[in-house]
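**Q** What follows is the residue order along each chain.
2 protein chains.
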Amino acid sequence: MPDFAEPLARLITEFKRLPGIGQKSAQRIAFHVLRASREDAEHLAQALYDVKDKLGLCRVCNNISDSDLCQYCRDSGRDQKLLCVVEEPHNIVGIEVTRQFSGVYHVLHGALSPLRGIGPEQLKIKSLVERIGQGAIEEVIVATNPNVEGEATAIYISKLLKPLGIKVTRIAMGIPVGSDLEFADEVTMWKAIEGRREI
Amino acid sequence: MPDFAEPLARLITEFKRLPGIGQKSAQRIAFHVLRASREDAEHLAQALYDVKDKLGLCRVCNNISDSDLCQYCRDSGRDQKLLCVVEEPHNIVGIEVTRQFSGVYHVLHGALSPLRGIGPEQLKIKSLVERIGQGAIEEVIVATNPNVEGEATAIYISKLLKPLGIKVTRIAMGIPVGSDLEFADEVTMWKAIEGRREI
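Those protein sequence lines, which keep their order, are chains A and B. Numbering-wise (this note's numbering), the first sequence opens with residue 1069 and increments by one. Numbering-wise (this note's numbering), the second sequence opens with residue 1069 and increments by one.
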């Protein structure tokens, strides 16, 4: 690795710690910052501080929010009877871009993982049950990840909520739209056949 | 685009302004920052400030430096008779990783471009001529980019320095090592044939 002046080397190291940024990208970005105005660098630095200082969790759904209630919980136009449970706040983004879901959310901030010592107490499950207890919600869609931990979490939530008379559903697993059957792994293929629907 | 809380949206926008970072990467990085400790975010923010505040140009070669002389000009082990001219400080990185070049550098901070109003006065060419005038340098390798502007700059420098009795050379252009002849464009192929060497 060539020697860089210390502040430049440090900026490269810091960028490399971000996801998806390797040595070459980090160098490229650092040299870009070097060429950019001080004002531009300040804006990025200030945005970093603000994200750490001005954001908290929504009192109702635990989504990231800059106020007491997040934008979805504040929005009276959303269907308060339909609740979607996700693992992380960024999962909401993936659902919102579809523009099809009009319900509200609940963020667990993780998934059950006995191996990593994450049990129900470490997740926002208690507040989920309390929300259901208030009686407005009719259906809970569990949109945790389609892996072992996400599945375990979905089953746990389902067992917890069904006795409360709530409809609990799981997002469909199957072949991604636009892909080729040839590339589907066997588990996905089986889920696709198992989850078949009449046409 | 889904709504993000304002500080998060602003951080995503700032990351998107960096080279090679699109919407998805910016979101991924911003959510990473959100999950990381405040200390980690501070380190990156501070590194951004330091790069703008603590770095200047080397008095001799115009490379980025945190002191009066850059690490290459300070290094007495380097060959002061061999000077490599580059367009930008980051071009030095690409040469240093080869670990083969032991001379010193001169950074022009750009290339001649009449269309963009960049003439010799806008580049660090005067200080290059002054350096040559001091008499220690025997060969100047012009490592400007192999495009129209870089070529024009190389020819300009060559015409300027040759009357001073300096050997001026240009980096070789040809087929990249490890690539396939099939993918070489016609200009590169011609440069490769023109620049052929006896084996």
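Hints are computed from structural coordinates only; laboratory data are not their basis. Any given hint could turn out to be false.
Each pair may be met inside one copy or between any two copies, as identical chains are not told apart.
Cut-off 16 Å, straight-line C-alpha distance, at most; resulting in silico cross-link-like pairs (EDC-like, lysine to aspartate or glutamate) [stated by the list, open to error]: (1) Lys-1230 to Glu-1207; (2) Lys-1092 to Asp-1118; (3) Lys-1259 to Glu-1207; (4) Lys-1092 to Asp-1248; (5) Lys-1235 to Glu-1206; (6) Lys-1235 to Glu-1266; (7) Lys-1230 to Glu-1198.
All figures in this text were calculated on a predicted structure; none of them were measured in a lab.
**Q** Each hint needs a verdict: does it hold in this structure or not?
**A** Taking the hints in turn, this is what the structure says about them:
1. For the homomeric pair Lys-1230 and Glu-1207, the shortest alpha-carbon distance inside one copy (10 Å) is at most 16 Å, but the shortest distance between copies (81 Å) is not.
2. Taking CA atoms no more than 16 Å apart as the test, Lys-1092 paired with Asp-1118 passes in neither setting, with 28 Å inside one copy and 20 Å between copies.
3. For the homomeric pair Lys-1259 and Glu-1207, neither the shortest alpha-carbon distance inside one copy (22 Å) nor that between copies (69 Å) is at most 16 Å.
4. For the homomeric pair Lys-1092 and Asp-1248, neither the shortest alpha-carbon distance inside one copy (33 Å) nor that between copies (24 Å) is at most 16 Å.
5. Taking the shortest alpha-carbon separations for Lys-1235 and Glu-1206, only the intra-copy value of 6 Å comes in at or below 16 Å, while the best inter-copy value is 83 Å.
6. Taking the shortest Cα distances, Lys-1235 and Glu-1266 never come within 16 Å of each other, neither inside one copy (22 Å) nor across copies (80 Å).
7. Only within a single protomer do Lys-1230 and Glu-1198 lie at most 16 Å apart by alpha-carbon distance; the minimum there is 14 Å, versus 83 Å between protomers.
Violated hints, in rising order: 2, 3, 4 and 6; the structure is consistent with all others.
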